[in-house]
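J.: Sequence:
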Amino acid sequence: MNSWSGRPLEGDPFADPGAVVSGGNYRITVLTPRLIRLEYSVCGAFEDRRTQTVFNRRFPVPEYRVTSKNGYIELTTEHLRLRYDGKPFSPSGLRVELNGGLTAYHSAWNYGDDYPAMGGTTRTLDKADGAVELRDSLMSSGGFSVMDDSRSMLVERDGWVAPRGQDITDIYFFGYGRDYLDCLRDYYALCGHVPMLPRWALGNWWSRFRSYSDKSYLELIERFERERIPLSVSVIDMDWHMTKVDPEYGSGWTGYSWNRDLFRDPEQFIAKLHEKGLKVALNLHPADGVRAYEGAYPEMAGALGVDAEHKQKIEFDAGDQAFMEAYFCYLHHPHEELGVDFWWIDWQQKGGSSVGGIEPLWVLNHYHSLDIARTGKRSLILSRYAGPGSHRYPVGFSGDTCTTWASLDFQPYFTLSASNAGYGWWSHDIGGHMRGVRSMEMLVRWIQLGVFSPVMRLHASNNPFNNKEPWTFEEPYRSVALNFLRLRHRLIPYIFTMNERSHRLGEPLVRPLYYHHPDHGEAYGVKNEYYFGTELICCPVTTACHPSLKMAPFAAWLPEGRWYDIFDGQRYKGGRHITFYRGITSMPVLAKAGAIIPLCGGEDFNYGAENPEALEILIFVGGNGEFCLYEDNDMNGEGLRQAVTRMEYTDGENPVFTIWRPEGDLILPSGRACTLKLYGLDGEGRAAGADIVSTQYDASLDVLTVSLAPSAADYAAIRFERPGKKRPCPLVDRVFTLLDRAEIEYDLKNELYRLVNSSTDKVVLLGALQSMALDAELTGALTEIISAEGGDE
Numbered sequence: 001m002n003s004w005s006g007r008p009l010e011g012d013p014f015a016d017p018g019a020v021v022s023g024g025n026y027r028i029t030v031l032t033p034r035l036i037r038l039e040y041s042v043c044g045a046f047e048d049r050r051t052q053t054v055f056n057r058r059f060p061v062p063e064y065r066v067t068s069k070n071g072y073i074e075l076t077t078e079h080l081r082l083r084y085d086g087k088p089f090s091p092s093g094l095r096v097e098l099n100g101g102l103t104a105y106h107s108a109w110n111y112g113d114d115y116p117a118m119g120g121t122t123r124t125l126d127k128a129d130g131a132v133e134l135r136d137s138l139m140s141s142g143g144f145s146v147m148d149d150s151r152s153m154l155v156e157r158d159g160w161v162a163p164r165g166q167d168i169t170d171i172y173f174f175g176y177g178r179d180y181l182d183c184l185r186d187y188y189a190l191c192g193h194v195p196m197l198p199r200w201a202l203g204n205w206w207s208r209f210r211s212y213s214d215k216s217y218l219e220l221i222e223r224f225e226r227e228r229i230p231l232s233v234s235v236i237d238m239d240w241h242m243t244k245v246d247p248e249y250g251s252g253w254t255g256y257s258w259n260r261d262l263f264r265d266p267e268q269f270i271a272k273l274h275e276k277g278l279k280v281a282l283n284l285h286p287a288d289g290v291r292a293y294e295g296a297y298p299e300m301a302g303a304l305g306v307d308a309e310h311k312q313k314i315e316f317d318a319g320d321q322a323f324m325e326a327y328f329c330y331l332h333h334p335h336e337e338l339g340v341d342f343w344w345i346d347w348q349q350k351g352g353s354s355v356g357g358i359e360p361l362w363v364l365n366h367y368h369s370l371d372i373a374r375t376g377k378r379s380l381i382l383s384r385y386a387g388p389g390s391h392r393y394p395v396g397f398s399g400d401t402c403t404t405w406a407s408l409d410f411q412p413y414f415t416l417s418a419s420n421a422g423y424g425w426w427s428h429d430i431g432g433h434m435r436g437v438r439s440m441e442m443l444v445r446w447i448q449l450g451v452f453s454p455v456m457r458l459h460a461s462n463n464p465f466n467n468k469e470p471w472t473f474e475e476p477y478r479s480v481a482l483n484f485l486r487l488r489h490r491l492i493p494y495i496f497t498m499n500e501r502s503h504r505l506g507e508p509l510v511r512p513l514y515y516h517h518p519d520h521g522e523a524y525g526v527k528n529e530y531y532f533g534t535e536l537i538c539c540p541v542t543t544a545c546h547p548s549l550k551m552a553p554f555a556a557w558l559p560e561g562r563w564y565d566i567f568d569g570q571r572y573k574g575g576r577h578i579t580f581y582r583g584i585t586s587m588p589v590l591a592k593a594g595a596i597i598p599l600c601g602g603e604d605f606n607y608g609a610e611n612p613e614a615l616e617i618l619i620f621v622g623g624n625g626e627f628c629l630y631e632d633n634d635m636n637g638e639g640l641r642q643a644v645t646r647m648e649y650t651d652g653e654n655p656v657f658t659i660w661r662p663e664g665d666l667i668l669p670s671g672r673a674c675t676l677k678l679y680g681l682d683g684e685g686r687a688a689g690a691d692i693v694s695t696q697y698d699a700s701l702d703v704l705t706v707s708l709a710p711s712a713a714d715y716a717a718i719r720f721e722r723p724g725k726k727r728p729c730p731l732v733d734r735v736f737t738l739l740d741r742a743e744i745e746y747d748l749k750n751e752l753y754r755l756v757n758s759s760t761d762k763v764v765l766l767g768a769l770q771s772m773a774l775d776a777e778l779t780g781a782l783t784e785i786i787s788a789e790g791g792d793e
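The numbers in our numbering rise by one with no breaks, and the one at position 696 of the sequence shown is 696.
Honestly, the hints are just simulated from the structure, not real lab data.
Remember, predicted model here, so these are calculated numbers, not experimental data.
Treat the hints with care, since some could be wrong.
Said to hold, decoys possible - Taking CB as the label site, the calculated pair distances span: (1) Asp-85 / Gly-356: 26 to 34 angstroms; (2) Glu-648 / Asp-126: 26 to 34 angstroms; (3) Pro-464 / Glu-721: 58 to 66 angstroms; (4) Phe-736 / Asp-775: 17 to 25 angstroms; (5) Glu-225 / Glu-522: 43 to 51 angstroms; (6) Asn-757 / Glu-225: 46 to 54 angstroms; (7) Thr-67 / Pro-88: 33 to 41 angstroms; (8) Asn-462 / Val-61: 51 to 59 angstroms; (9) Lys-69 / Gln-166: 30 to 38 angstroms; (10) Lys-244 / Pro-88: 34 to 42 angstroms; (11) Glu-315 / Gly-637: 32 to 40 angstroms; (12) Asp-179 / Glu-648: 27 to 35 angstroms; (13) Gly-277 / Asp-113: 37 to 45 angstroms; (14) Glu-315 / Thr-543: 42 to 50 angstroms.
Beta carbons: idealized from backbone N, C-alpha and C, even for Gly.
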């Protein structure tokens, strides 16, 4: 028996009896005031086991009232009103309404009706060239959704999967209105919480479909090191195993035996990657089972009673418990003993089970996640989405996408929309996988998106011209790619904190703007704009630059308040639509006033993703803020040890930033250095505090940098004084930079520059621009600069 079989699973599938209203053939369970389970069984038998979607039904019993009237049962909670005739579910016999519905026509559901879903996700983007249909959304414009669990597999107490009877209806009604995050939290309470990802999963991954040898791969990793490009994960695609096999066995797509021509000593190879601080994943295509040429075939055959003498093929069978136990024992555990950290489960087929109703992709995700967790470490797989409940088995592999602008343009929406299905940890083939054309501009924009995505995994096909190694890029693309890949690792403290919030609070790292601004119609119309954690809004550029401006637009909506571009320090008033224009070196990433963003500090390069020796903390003036930095030991075989460091910024005439002493276990590096970067004082200002070592002011960004003594990582309170006089408005300099780079007529440049120099009235300037009949993109880029906040305001 597998070492994980019989281990306790999350949740309790048995609902509190006080939440149940039942009759001969129906059962209604009031899980929350907004979440109701509805069952109908022809034979009167109901299901209390876990399913592949639902793991927990033991909720506190909410207040509800049941009455009977004219042959109907009426059940009322604080938020819902249900009317049911006690017969087989039908549109006329079962109706649920939202109390105080969002709309007059769309906030009531009759059994069998569709609902106006908002986004969702899908199994894969294989071969997608642009948008595809999305499903499984918990959110809708009508304020409710329905999850049908009638056909999902059952999960027994020992974790094994079983088929389900076909004569029942088992559905869940979610009636959350526009309380989107509350809906997600209850979904996770019902279906299982999002696991914590290992810290190392949040760094840069390298993956490529190529026949590397141990020598060539290690040379590649050493080149990354020389270029000072941090990595944390090495993914070895299918050529780690034998792919050229005797035709009598079929293709070499499936394999479990190392290709010794390429990898002479796999254990030593993996050990060298581990020495670099890298985790290692191997690719799997398990559909073809186990053939007689495999090294593990004799043991598999013996365990399963297969005729090894006649080289009988062992079929892959997700419904056979004996096969799955042998699958892990003989095909995977030996590789893990060599050092393999996790698996890329590249299942693309539909069938593969001797038991009807067993879906192989979900079974693989479920069993692999349990099997890896048997060691006590955080479990991780890379695999495709397999329907509701898949959030328990991160990370999602979105598939082999086309290398086109259309694919790039769809991925931000695809990622943020997946949060509506509770699926927050997508990993894309950054840069595209196949087809398409070479475009360095598109590739760099994809890398920028990847840095502000849940998982940053560079990947490419085996086409020798489809290179993602940054040192092969020409300038300026090379420098831009290097800067962003380094930024990804600097962001790990921030992203890891959001990882913990996702696990504990049910808040996806990437989420639509309407989660936080549900009553603003503008938040629903910006399809590619999203929150990246609690402090940032991202606007990834997914279109080519204007040929003369050398900039590309992003049409955004900013919520109320003040917002800073973290790359150039520019400030914007919110509560309005705005179109950002950015050259290839940047993308709009906005921090709200009061935001606190911890980054890895220092200049030392290293692979991996350990808790940093130094911190750099970005602080944005204009509002109060608090950030609780979460760090732990990544459960490295010694149980969980964690620490939380609270940081607080209090705005005002004399702002104060405080780092509080860490609470929890003593796992943090001793003597940690700390640097503060304060944005938006409108001048150099001053800083005071016992722990200050030095200060420096950058007028171009309006950033005051304060270096603290190492002891300040335990506790520090830094007081700032605003400058007596505001800095000059940077508008003229920004316009000059824009015009200097633009490939337009010199006379027009001069005319526009004189116009900006001649007036400080922004309304007059904007009116004059509109009257000049300029190119729309040039007008837009100038409008962004003129309408932004300046230092003299």
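J.: For each hint, tell me whether it holds in the structure or not.
T.: Okay, the hints, checked on the actual structure:
1. Remark: the range hint 26 to 34 angstroms for Asp-85 to Gly-356 is upheld by a beta-carbon distance near 33 angstroms.
2. For the hinted restraint 26 to 34 angstroms between Glu-648 and Asp-126, the CB-CB distance of approximately 47 angstroms leaves it violated.
3. The hinted window of 58 to 66 angstroms between Pro-464 and Glu-721 holds, with their beta carbons roughly 59 angstroms apart.
4. For Phe-736 and Asp-775, the hinted distance range of 17 to 25 angstroms is satisfied, since their beta carbons lie about 18 angstroms from each other.
5. For the hinted restraint 43 to 51 angstroms between Glu-225 and Glu-522, the CB-CB distance of approximately 46 angstroms keeps it satisfied.
6. Taking 46 to 54 angstroms as the suggested C-beta distance range, the pair Asn-757 and Glu-225 conforms, at roughly 49 angstroms.
7. Taken as a hint, the range 33 to 41 angstroms is violated for the pair Thr-67 and Pro-88, whose Cβ atoms sit roughly 22 angstroms apart.
8. Under the hint 51 to 59 angstroms, the C-beta atoms of Asn-462 and Val-61, about 57 angstroms apart, fit the expected range.
9. As the Cβ distance of Lys-69 to Gln-166 is approximately 33 angstroms, the hint placing it in 30 to 38 angstroms holds.
10. Against the hinted window of 34 to 42 angstroms, the Cβ-Cβ separation of Lys-244 and Pro-88 comes to about 57 angstroms, which falls outside the hint.
11. The hinted window of 32 to 40 angstroms between Glu-315 and Gly-637 holds, with their beta carbons roughly 36 angstroms apart.
12. Range check, Asp-179 to Glu-648: Cβ separation about 28 angstroms, and the 27 to 35 angstroms hint holds.
13. Gly-277 and Asp-113 have their C-beta atoms about 53 angstroms apart, which leaves the hinted 37 to 45 angstroms range violated.
14. Between Glu-315 and Thr-543 the CB atoms are about 48 angstroms apart, so this pair conforms to the stated range of 42 to 50 angstroms.
Hint violations for this structure: numbers 2, 7, 10 and 13, all remaining hints satisfied.
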